[in-house]
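**Student:** Listed below, chain by chain, are the residues.
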Amino acid sequence: MPENKTSFEDAMERLEEIVKELEDGEMSLDASLERFEEGIRLYRYCMKRLEEMENKVEVIMSDQNGGIKRLSLDTEGN
Amino acid sequence: MELRAMTVSEVNGYIKKCLGVDPLLSSIAVKGEISNCKLHSSGHLYFSLKDSESRIRCVMFKSNCDGLRFVPAEGAKVVARGSISVYERDGQYQLYVRDMTEDGLGELYAAYEQLKRKLEGMGYFDERKKKKIPFFPRKIGIVTSMQGAAVRDIMSVIQRRLGKAQIVIYDALVQGEKAPEQICRGIEYFNRKEPVDVIIVGRGGGSIEELWAFNDESLARSIFHSAIPVVSAVGHQTDYTIADFVADLRAPTPTAAGELVAPEKKDILRRLAFSRDRLHAAIMKQVRFNREKLGLLRGSYGLKQPLDRIGQQKQRLDDNMSRLSKALLQRMRDNRQRLDRTAAALNSMNPMRVLARGYAMVSDAESGEGISSVEQVSVGKDIKITMENGEVGAKVTKIKRGLIGFAGEQNQF
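Taken in order, these protein sequences are the chains called A and B.
Mind the numbering: the first sequence is residues 537 to 614 in this note's numbering, read in order.
Mind the numbering: the second sequence is residues 477 to 889 in this note's numbering, read in order.
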C-alpha cells in the first residue's frame with residue numbers, strides 16, 4: 537500500500553462530507569469555522585497530490601533464474 | 477382389420493412426439509466434422525455433421541449462434557449439443573444445436589466448469605471478499621506481455637485520462653504452459669517488492685486456448701490472496717475466465733481496465749473545485765447569518781436598555797452638577813451682599829462721621845479718657861476737643877447741669 541496514510545479518495549470523501557455538514561448549517565459558528573479549515577486543508581492536500589503526479593513507466597523483466605531487470609520506458613512513446 | 481390411413485402430417489407429428497419423449501435424443505452431444513455449412517441471412521446456421529460413414533443435418537438458431545466462441549468452418553471437428561427433432565414439413569429429423577465447441581475443448585470446458593465450481597465453493601468469488609479499487613491510484617502495476625496489444629491499450633488510456641501516471645509493467649508470458657506461473661510471479665512481485673495501488677492482469681483477445689492461462693487454479697489463488705486489488709482484463713467482452721471471477725473487478729477489455737483504474741483528471745479537478753466553492757459559500761452564509769443576528773441583537777431593546785439607563789444617569793448627574801454650582805454662586809452672592817450691608821452699617825457708625833456732621837468729642841487731656849458727663853470735669857480742668865479735622869486744647873471755665881436737647885438724634889442706630 538502506498539506510503540501516505542490518507543488516501544486521496546478518503547480525503548475527497550471527507551471533504552464532500554464536510555461540505556454537506558456545513559450546508560446543513562446546524563453547527564455552531566466555531567465548529568463551522570473548524571470544519572471549514574479542515575475542508576480547505578483537504579482541498580489543498582488533494583490538489584497537491586494531483587500536482588505531484590509523476591510520469592514514469594517502468595518495465596520489470598524476469599529471466600528463467602528469477603533474476604529481475606528493470607527498464608525505464610520513454611513515456612511519450614509506447 | 478384394415479389399418480386406418482394416416483395423413484403425412486399425422487405421421488410426421490407422431491414421430492416428432494416419439495423423438496421428443498426420448499431422454500437421449502432430447503439432450504444429446506454429437507461429435508463430428510462440419511460440412512455444407514451455410515449461414516442464412518436470418519442469422520441461423522445450417523450445416524451437417526459427418527463422420528466417415530454417416531451424416532446428420534443440423535440447425536443452429538441465431539440466438540444460440542451468438543454464444544459461439546469460434547467461427548464454424550468446413551471440416552472443423554466439433555461437439556454439438558442440443559436435441560434431435562423432426563422438421564415436419566420435410567419429414568426430416570435434425571439436430572437442433574444449442575451450443576457447439578471445437579472438439580478437444582470439451583475436456584477443457586469440463587475442467588473449467590469443475591474449477592469454477594470448486595473455487596466458488598471456497599468463496600473465491602464472494603463479493604464481500606472483493607477489495608475496493610482505489611479511486612485515484614498513484615502507482616499502477618500491470619502484469620501482461622510487453623509483446624501484446626493490451627499493454628499499449630492500457631497505458632494509452634491511463635495516460636490520456638490522468639495526464640501523468642506512474643506505471644510499472646511486469647513483463648509476463650500470457651499464453652502457453654509457463655504463462656500462469658509467470659503471471660503469478662508478477663502479482664507476487666507487486667505484493668512483496670514494489671507496492672502499487674492496483675494491479676491490472678490481462679491480455680488482448682485470442683482463442684480459447686490462448687486465453688487458457690487465465691483459467692489456472694494457482695493464478696486464481698494468487699489473485700485471491702493478493703493484498704493489492706486486482707483488476708482482470710482478459711480478451712474480449714464475451715470472454716469469461718476464472719481470473720475474471722476471482723479478480724476484485726473484471727474489466728471487459730484491457731482498454732476498459734485502463735478506464736476503470738484511471739479517473740479522468742479533469743473530472744477530479746471539477747469535483748474538487750465544486751467542493752471548494754460549496755465550502756466557501758457555506759461558510760460565507762454562516763458568517764453572514766451570524767453577522768445579521770449580531771446586528772439585530774445590537775439594536776434590540778435588551779441591549780439598548782442598559783445603555784439608556786447610563787445615559788439617563790449621566791444626564792441626571794449633569795443636571796445636579798449645574799444645580800449645585802448655581803446654588804453655590806447664589807450663596808456667594810448672598811454673603812457678599814450681607815457683607816456689603818454690614819460694612820455700610822459699620823461705616824455709618826464710624827465716630828468720624830458724627831464729627832463730620834459738626835459734633836465734637838471731649839476727652840481728658842491728661843488721661844485721654846472720653847468725657848461724656850459733666851460730673852467728670854471741674855472748672856479749670858484741661859480737656860481735649862476732637863473735631864473732624866483736628867484737636868483743640870481747652871480749659872473748663874463753666875459747668876451747667878441739666879439736659880440740653882437733641883433728643884431726635886439719640887437713637888439713630
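Bear in mind the hints are in silico, worked out from the structure with no lab data behind them.
Treat the numbers as computed from the prediction; the structure is a model and nothing was measured.
Incorrect hints may have been included.
[Unchecked claim] Here are the simulated DSSO-like cross-link-like pairs (lysine-lysine), alpha carbons at most 27 Å apart as the crow flies:
#1 493(B) with 507(B)
#2 493(B) with 584(A)
#3 592(A) with 507(B)
#4 761(B) with 556(A)
#5 592(B) with 507(B)
[What the hints assert, rightly or not] Across the chosen pairs, the derived CB separations fall in these ranges:
#6 567(A) with 632(B): 44 to 50 Å
#7 573(A) with 745(B): 17 to 23 Å
#8 567(A) with 657(B): 56 to 62 Å
#9 608(B) with 567(A): 26 to 32 Å
#10 795(B) with 564(A): 41 to 47 Å
#11 543(B) with 561(A): 22 to 28 Å
#12 561(A) with 657(B): 24 to 30 Å
#13 606(B) with 592(A): 44 to 50 Å
#14 561(A) with 632(B): 44 to 50 Å
We treat Cβ as the ideally placed atom computed from N, Cα and C, and that holds for glycine.
**Student:** State for each hint whether it applies.
**Tutor:** Tested hints:
no.	hint	result
1	493(B) with 507(B)	holds, 25 Å
2	493(B) with 584(A)	violated, 75 Å
3	592(A) with 507(B)	violated, 53 Å
4	761(B) with 556(A)	holds, 13 Å
5	592(B) with 507(B)	holds, 25 Å
6	567(A) with 632(B): 44 to 50 Å	holds, 47 Å
7	573(A) with 745(B): 17 to 23 Å	holds, 22 Å
8	567(A) with 657(B): 56 to 62 Å	holds, 57 Å
9	608(B) with 567(A): 26 to 32 Å	holds, 30 Å
10	795(B) with 564(A): 41 to 47 Å	holds, 46 Å
11	543(B) with 561(A): 22 to 28 Å	violated, 57 Å
12	561(A) with 657(B): 24 to 30 Å	violated, 60 Å
13	606(B) with 592(A): 44 to 50 Å	violated, 29 Å
14	561(A) with 632(B): 44 to 50 Å	holds, 46 Å
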